[in-house]
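Residue numbers (our numbering), protein chains in the order written: chain A, 1 to 370; chain B, 1 to 370; chain C, 1 to 370.
It should be emphasised that the hints constitute simulated quantities derived from the structure, not laboratory data.
If chains are identical, the list can't say which one is meant, so a pair holds when it fits in one copy or spans any two.
SDA-like, lysine to any residue: derived pairs with alpha carbons at most 25 angstroms apart:
#: 1; residue 1: 325; residue 2: 343
#: 2; residue 1: 67; residue 2: 200
#: 3; residue 1: 198; residue 2: 155
#: 4; residue 1: 197; residue 2: 230
#: 5; residue 1: 297; residue 2: 312
#: 6; residue 1: 51; residue 2: 280
#: 7; residue 1: 249; residue 2: 192
#: 8; residue 1: 96; residue 2: 197
#: 9; residue 1: 249; residue 2: 84
#: 10; residue 1: 325; residue 2: 356
#: 11; residue 1: 197; residue 2: 13
#: 12; residue 1: 325; residue 2: 337
#: 13; residue 1: 96; residue 2: 173
#: 14; residue 1: 249; residue 2: 200
#: 15; residue 1: 51; residue 2: 297
#: 16; residue 1: 249; residue 2: 194
#: 17; residue 1: 325; residue 2: 354
#: 18; residue 1: 297; residue 2: 313
#: 19; residue 1: 60; residue 2: 48
#: 20; residue 1: 197; residue 2: 173
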Amino acid sequence: MPAPTYRLSELAGKLGLKLVLREGAEDIEITGVSSLAEAGPSDLGFLANPKYASQLATTKAGAVIVKEEHAGEVERALVTPDPYPMFAQAIGLFAKPQGSFSGISHLACVDPSAGLGEGCTVYPFAYVGPGVVMGRGCTVFPGCYVGEDCELGDGCTLYPRAVLMAGTKLGEGCVLQPGAVIGAEGFGFARTPAGIKKVPQIGHVEIGGHVEIGANACVDRAALSATVISSGTCLDNLVQVGHNVRIGKDCLIVSQVGISGSTHVGDNVTMAGQAGISGHLQIGSGSTIGPQAGVAKDIPEGAVVGGSPTVDYNTYLRNATLMPKLPELFKRVSRIEQELGHKPMAESKPDRSLAAMWSRWLSMMHPGGK
Amino acid sequence: MPAPTYRLSELAGKLGLKLVLREGAEDIEITGVSSLAEAGPSDLGFLANPKYASQLATTKAGAVIVKEEHAGEVERALVTPDPYPMFAQAIGLFAKPQGSFSGISHLACVDPSAGLGEGCTVYPFAYVGPGVVMGRGCTVFPGCYVGEDCELGDGCTLYPRAVLMAGTKLGEGCVLQPGAVIGAEGFGFARTPAGIKKVPQIGHVEIGGHVEIGANACVDRAALSATVISSGTCLDNLVQVGHNVRIGKDCLIVSQVGISGSTHVGDNVTMAGQAGISGHLQIGSGSTIGPQAGVAKDIPEGAVVGGSPTVDYNTYLRNATLMPKLPELFKRVSRIEQELGHKPMAESKPDRSLAAMWSRWLSMMHPGGK
Amino acid sequence: MPAPTYRLSELAGKLGLKLVLREGAEDIEITGVSSLAEAGPSDLGFLANPKYASQLATTKAGAVIVKEEHAGEVERALVTPDPYPMFAQAIGLFAKPQGSFSGISHLACVDPSAGLGEGCTVYPFAYVGPGVVMGRGCTVFPGCYVGEDCELGDGCTLYPRAVLMAGTKLGEGCVLQPGAVIGAEGFGFARTPAGIKKVPQIGHVEIGGHVEIGANACVDRAALSATVISSGTCLDNLVQVGHNVRIGKDCLIVSQVGISGSTHVGDNVTMAGQAGISGHLQIGSGSTIGPQAGVAKDIPEGAVVGGSPTVDYNTYLRNATLMPKLPELFKRVSRIEQELGHKPMAESKPDRSLAAMWSRWLSMMHPGGK
Numbered sequence: 001m002p003a004p005t006y007r008l009s010e011l012a013g014k015l016g017l018k019l020v021l022r023e024g025a026e027d028i029e030i031t032g033v034s035s036l037a038e039a040g041p042s043d044l045g046f047l048a049n050p051k052y053a054s055q056l057a058t059t060k061a062g063a064v065i066v067k068e069e070h071a072g073e074v075e076r077a078l079v080t081p082d083p084y085p086m087f088a089q090a091i092g093l094f095a096k097p098q099g100s101f102s103g104i105s106h107l108a109c110v111d112p113s114a115g116l117g118e119g120c121t122v123y124p125f126a127y128v129g130p131g132v133v134m135g136r137g138c139t140v141f142p143g144c145y146v147g148e149d150c151e152l153g154d155g156c157t158l159y160p161r162a163v164l165m166a167g168t169k170l171g172e173g174c175v176l177q178p179g180a181v182i183g184a185e186g187f188g189f190a191r192t193p194a195g196i197k198k199v200p201q202i203g204h205v206e207i208g209g210h211v212e213i214g215a216n217a218c219v220d221r222a223a224l225s226a227t228v229i230s231s232g233t234c235l236d237n238l239v240q241v242g243h244n245v246r247i248g249k250d251c252l253i254v255s256q257v258g259i260s261g262s263t264h265v266g267d268n269v270t271m272a273g274q275a276g277i278s279g280h281l282q283i284g285s286g287s288t289i290g291p292q293a294g295v296a297k298d299i300p301e302g303a304v305v306g307g308s309p310t311v312d313y314n315t316y317l318r319n320a321t322l323m324p325k326l327p328e329l330f331k332r333v334s335r336i337e338q339e340l341g342h343k344p345m346a347e348s349k350p351d352r353s354l355a356a357m358w359s360r361w362l363s364m365m366h367p368g369g370k
Numbered sequence: 001m002p003a004p005t006y007r008l009s010e011l012a013g014k015l016g017l018k019l020v021l022r023e024g025a026e027d028i029e030i031t032g033v034s035s036l037a038e039a040g041p042s043d044l045g046f047l048a049n050p051k052y053a054s055q056l057a058t059t060k061a062g063a064v065i066v067k068e069e070h071a072g073e074v075e076r077a078l079v080t081p082d083p084y085p086m087f088a089q090a091i092g093l094f095a096k097p098q099g100s101f102s103g104i105s106h107l108a109c110v111d112p113s114a115g116l117g118e119g120c121t122v123y124p125f126a127y128v129g130p131g132v133v134m135g136r137g138c139t140v141f142p143g144c145y146v147g148e149d150c151e152l153g154d155g156c157t158l159y160p161r162a163v164l165m166a167g168t169k170l171g172e173g174c175v176l177q178p179g180a181v182i183g184a185e186g187f188g189f190a191r192t193p194a195g196i197k198k199v200p201q202i203g204h205v206e207i208g209g210h211v212e213i214g215a216n217a218c219v220d221r222a223a224l225s226a227t228v229i230s231s232g233t234c235l236d237n238l239v240q241v242g243h244n245v246r247i248g249k250d251c252l253i254v255s256q257v258g259i260s261g262s263t264h265v266g267d268n269v270t271m272a273g274q275a276g277i278s279g280h281l282q283i284g285s286g287s288t289i290g291p292q293a294g295v296a297k298d299i300p301e302g303a304v305v306g307g308s309p310t311v312d313y314n315t316y317l318r319n320a321t322l323m324p325k326l327p328e329l330f331k332r333v334s335r336i337e338q339e340l341g342h343k344p345m346a347e348s349k350p351d352r353s354l355a356a357m358w359s360r361w362l363s364m365m366h367p368g369g370k
Numbered sequence: 001m002p003a004p005t006y007r008l009s010e011l012a013g014k015l016g017l018k019l020v021l022r023e024g025a026e027d028i029e030i031t032g033v034s035s036l037a038e039a040g041p042s043d044l045g046f047l048a049n050p051k052y053a054s055q056l057a058t059t060k061a062g063a064v065i066v067k068e069e070h071a072g073e074v075e076r077a078l079v080t081p082d083p084y085p086m087f088a089q090a091i092g093l094f095a096k097p098q099g100s101f102s103g104i105s106h107l108a109c110v111d112p113s114a115g116l117g118e119g120c121t122v123y124p125f126a127y128v129g130p131g132v133v134m135g136r137g138c139t140v141f142p143g144c145y146v147g148e149d150c151e152l153g154d155g156c157t158l159y160p161r162a163v164l165m166a167g168t169k170l171g172e173g174c175v176l177q178p179g180a181v182i183g184a185e186g187f188g189f190a191r192t193p194a195g196i197k198k199v200p201q202i203g204h205v206e207i208g209g210h211v212e213i214g215a216n217a218c219v220d221r222a223a224l225s226a227t228v229i230s231s232g233t234c235l236d237n238l239v240q241v242g243h244n245v246r247i248g249k250d251c252l253i254v255s256q257v258g259i260s261g262s263t264h265v266g267d268n269v270t271m272a273g274q275a276g277i278s279g280h281l282q283i284g285s286g287s288t289i290g291p292q293a294g295v296a297k298d299i300p301e302g303a304v305v306g307g308s309p310t311v312d313y314n315t316y317l318r319n320a321t322l323m324p325k326l327p328e329l330f331k332r333v334s335r336i337e338q339e340l341g342h343k344p345m346a347e348s349k350p351d352r353s354l355a356a357m358w359s360r361w362l363s364m365m366h367p368g369g370k
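Make a model of the complete structure from these sequences and hints.
As C-alpha cells, this is what we get:
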C-alpha cells in the first residue's frame with residue numbers, strides 16, 4: 001500500500017490552517033512529515049520551540065507549520081497559534097496504520113456467543129471468549145486474549161498480546177499497546193498465623209473512552225467492585241495500577257509509575273517516570289508528581305511535588321542544590337563546636353558496606369578498570 | 001453459569017463461624033459479598049478496621065462478619081476473632097473462576113511426550129513442549145508457553161501468555177498471572193577488552209507450592225543451578241528476580257520490586273513497592289523493606305528499613321521530617337558563622353540544570369501553564 | 001537429545017587454553033560445568049575471584065580454569081589470564097539451546113511475501129507479517145509477532161511472545177527474551193485546552209548486531225525517524241527505552257532502568273538497576289550510572305554518578321554516611337544557638353502522615369505485630 005501524499009493546499013484545508021506562500025512560490029505535493037533539521041523538499045516541518053527558530057533559515061522543508069510571526073521566514077507556511085498539536089494532526093494524515101490484515105481470521109478463536117460489531121478485525125491466534133461484546137471497527141492483533149463478558153466500545157485497538165481478563169469494559173477508541181494486561185488479580189494477601197492467605201479479587205476494570213495503555217503495563221481488577229480509568233487518560237509502558245484505584249480524566253502517567261491499591265487520582269494529573277504512589281491516598285486534580293517521587297500522603301489540587309518522600313517543588317529544587325554541600329556543612333558545624341569548646345561530632349567516614357558494594361559492582365562491570 | 005448463592009446458615013457452616021441472629025431475624029439467601037458501604041440486603045459484608053465501626057449502624061448488608069464485641073450491632077452476624085481472612089474465604093465461595101473452557105483444545109499444541117494429569121485444561125494457542133509433566137487439574141490459558149521438561153504440580157494455573165522456559169519446576173497450586181515470565185536468561189554479561197561477553201545461563205527455576213507470580217513479572221533462571229522461590233511466597237506485578245536468587249517461604253514482594261542476582265532472602269520477608277535490592281546480599285527472615293528502598297547491604301532478621309540507601313525505620317521517619325528544613329539549617333549555620341566572624345558558606349542557589357529540566361518538562365505537560 | 005560431553009584435552013583445544021596436569025593425573029571426560037563448591041569429579045570449575053581461592057583445596061571438580069599462579073593447586077588446570085570469560089565460553093559448550101522444534105510449523109502464520117533465510121525455525125502460533133525479511137538461521141518461538149516489513153539479520157532468536165512492530169530492524173545475532181516489545185508507540189501526548197492530543201509515532205526502531213533485549217523490556221519507536229540501539233548493547237528485563245533515544249555500542253542497561261525520550265547515550269555506558277534518565281540528555285561514553293539514580297542533566301564521559309538527583313560517586317558515598325547523622329546535626333546546631341542566645345529552631349517531630357502510612361501498611365502486612 002503506497003504511503004499517502006497530499007497537495008499542500010489540500011493539507012491546509014484538512015488541517016484548517018491558512019496557507020501563506022511567499023511571492024513566486026507554488027503549491028506542491030507533500031510526501032511526508034519531518035523535523036526541520038531532517039526535512040527534504042517535499043516534507044512538511046514545524047516550529048513550536050523558539051529555541052529552534054534559526055532552523056527556519058536553513059531547513060529544506062517544502063512547507064512549515066509556524067506561528068503568524070514566522071510566516072514570512074519560509075517559502076510556504078501553514079499558520080496557526082499552536083504549531084505542535086497541528087503538526088501532530090498532520091502526522092496522523094501520513095501515518096500508515098500498523099497491521100496488514102482485515103476481517104475475522106479463520107485462525108482466530110472467537111466464541112460463537114461473542115458479538116462483534118461491523119468492520120471488526122480479529123487476527124490469527126487471537127482469542128475472544130463467550131459473551132464478549134465488541135463495538136464497530138475494533139482491531140484485535142495476534143496473541144490477544146479477550147476474556148468472557150468483556151465489552152469494547154467502537155474503534156478499540158488491541159495490539160499483539162494485549163490481555164483483557166473477564167468482564168473488562170473499554171470505552172470507545174481505546175488503544176492497548178503490546179503486552180498490556182487489564183484485569184489481572186490484584187495483590188490481595190494477608191498474613192495470618194497460619195501463613196499467607198489469598199483474598200480472591202472478584203471485581204473488574206472499567207476504562208473510559210480514548211484511553212491508551214502502554215506496552216506491558218498492568219491494571220489490576222478490583223477486589224469487589226471496579227478499578228476505574230476515566231476518559232482521555234494515558235498510561236505509558238510498564239506502569240502498574242493496583243486494585244480499586246480510580247483515575248480521573250486526561251491524566252498522563254509516564255513509564256514505570258506505580259499506583260498502589262485504593263488510591264484515587266483526580267483529573268488532569270501528571271505523574272513523571274518511575275514515581276510511586278502509596279495506597280489509600282487522594283491525589284488532587286491538576287497536580288504534578290515529579291520523576292521518581294515517593295508519594296506517601298494526600299496531594300492537594302494543583303500541587304507540584306518531587307522527591308521521596310515528596311516535598312513541594314521549590315523545596316525539592318533547593319535541597320538538590322544543598323545535598324552536595326552536606327559534607328561541608330558537617331565540617332563547618334564541627335569547626336564552630338571546636339571554637340566554642342564543644343566536644344566535636346565524630347569524624348564522618350564513607351559507609352564501608354556501600355563502598356564495598358559499589359566496588360564489587362564496578363569491577364564486575366569494568367574488569368581491570370575503576 | 002449462574003453465580004453461586006448460599007443460605008446464611010450454610011455459609012456459617014462452610015466458614016466454621018458462629019451465626020448470631022438478632023431477635024426476630026431470620027436465615028436469608030446471600031447472593032454476594034461487598035463492602036459495608038456498598039452492600040445490599042442480600043450481601044455479606046465485614047468489619048475488620050475499627051475505623052469503620054460506625055458503618056455497622058448504616059449498612060444495608062444482610063449479614064456482617066464481625067468480632068464478638070460487635071455481634072449485637074447488626075441483624076445477622078457471623079462471629080470470628082479475625083474478620084478479614086474470614087471475609088477473604090467468603091469471597092472465594094462467591095468467586096466465579098476466570099475462563100470458559102475445559103479440556104484439551106484441538107487448537108492447542110501439546111507435544112505427544114508431555115504427560116498431563118487428570119482434569120487438566122489447555123486452551124487454544126497454548127504450547128506445551130516435550131517431556132513436560134503436569135499434575136492433576138492444571139489450567140493453561142491461551143498464549144502460554146510451557147517449555148520442554150517443565151514440571152507442574154497439581155492445580156497450577158497459568159493465565160494468558162505466561163511463559164515457562166525449559167526445565168522450570170512449579171509446586172502445587174501455583175498461579176502465574178498474565179505475562180509472567182519464568183526462566184528467561186539472566187543478565188550474565190562481562191566486559192572484556194574484546195567487548196561484552198555473554199555468559200550463557202544454563203540453570204533453571206524452582207518454585208514451591210502455592211506461589212503466586214504477578215502479571216508481567218520476571219524470574220530469571222540460574223547461571224548453573226537454580227533460582228529458587230519457596231512455598232507460599234507471592235510476587236506482585238512487574239517484579240524482577242535475578243539469576244541465582246533464593247527467596248524463602250511466605251514472602252510478600254510488592255509491585256515493581258527488583259532483586260539482583262545471587263541475593264538470598266529469608267522467610268516472611270515483606271518488600272514494599274519499587275524497592276531495589278543489590279546482588280549477593282542476605283535479607284534476614286521477617287524483615288521489612290520499605291517502598292522505594294535501596295538495599296545495598298545485608299539486612300538483619302526482623303529489621304524494618306527504608307530509604308535509599310536504607311536506614312532503620314525510625315531514622316528514615318525522622319529524616320523525612322528534617323529534609324524540608326535543610327535550607328533553613330544552612331541559613332542558621334551561616335548566621336552563626338557571621339556572628340563568630342567566620343567566612344560564611346557560599347549562598348545556595350537552586351540547581352539550574354535541574355530547574356531547567358523541570359521547567360521544560362512542566363511546559364511540555366502543561367502548555368500555557370506553569 | 002543427550003547433553004554434550006568432551007575430553008578435557010579437547011576442551012582445552014576448543015578454548016585455546018594450556019592444559020596443566022599434575023604428575024600422574026590423566027585426561028578425563030568432562031560432562032558439565034559448575035561452581036567450585038558444587039562441582040563433581042567430571043565437572044569443570046573456575047576461579048576468578050581471589051576471595052574463593054581456598055576452595056581450590058577442597059573442590060571435587062575434575063578440572064579448573066585458573067590463572068597461572070594457581071595452576072599447581074589443582075590436579076588438572078586450564079590456564080588463562082582471565083578465567084571468568086573463559087568459563088563463560090566453556091558454559092556455552094555445554095549449554096543445550098532452549099526449544100525443541102525446527103522448521104516452519106504449519107501451525108504458524110507466515111505471510112507468503114515474507115522472505116525467510118535458510119535454516120530458519122518458526123514455531124506454532126508465531127505470526128510473521130508481509131514483507132518481512134529474515135536472515136539465515138533465525139528462530140521465532142510461539143506467540144511472537146513480527147510485523148510487516150521487519151528486517152532480521154542472520155541468527156536472531158525471538159523467545160516466546162516477543163513483539164516486533166512494523167519496520168523494526170534487527171542486526172545479526174540479536175536475542176529477544178520472552179515478552180520483549182520493540183516498536184510500540186512512544187508516549188507522544190500533548191495537553192491542549194481541548195484536552196490531551198495524541199501525537200502519532202510513525203518512526204521505527206533500529207537495533208544493531210548482537211544486541212540482547214530482556215524479558216518484558218520495551219523499546220518504543222521514534223516519532224518520525226528511528227530509535228536506535230547499537231551493536232553489542234544489552235538491556236535487562238523490564239527496561240524502558242523511550243521514543244527517539246539513541247544508545248551506543250556495548251552498553252549494559254540493568255533491570256528496570258527507564259530512559260526517557262530523545263536522550264542520547266554513548267558507548268560502553270553502564271546503568272545499574274532501576275536508574276531513571278530524563279529526556280533530551282547526553283550521557284557520555286564510558287560513564288556509570290548507579291542503582292536507583294535519577295539523572296536530570298548531561299553526564300560527562302567516564303563519570304561515575306549516583307543518587308537522585310545524581311551527584312558524583314564520592315559525594316554520594318559520603319552523603320550515605322552523613323544522612324543517618326542528620327538528626328544529631330540539627331540537635332548540635334540547636335545547642336550552639338542556645339549557647340549564643342539565639343531563638344532555637346523548632347523541635348523536629350516525625351512526619352505524622354508518613355508514620356501513619358507506614359503504620360497502616362505494616363499492620364496490613366503483619367497483623368498482630370510489627
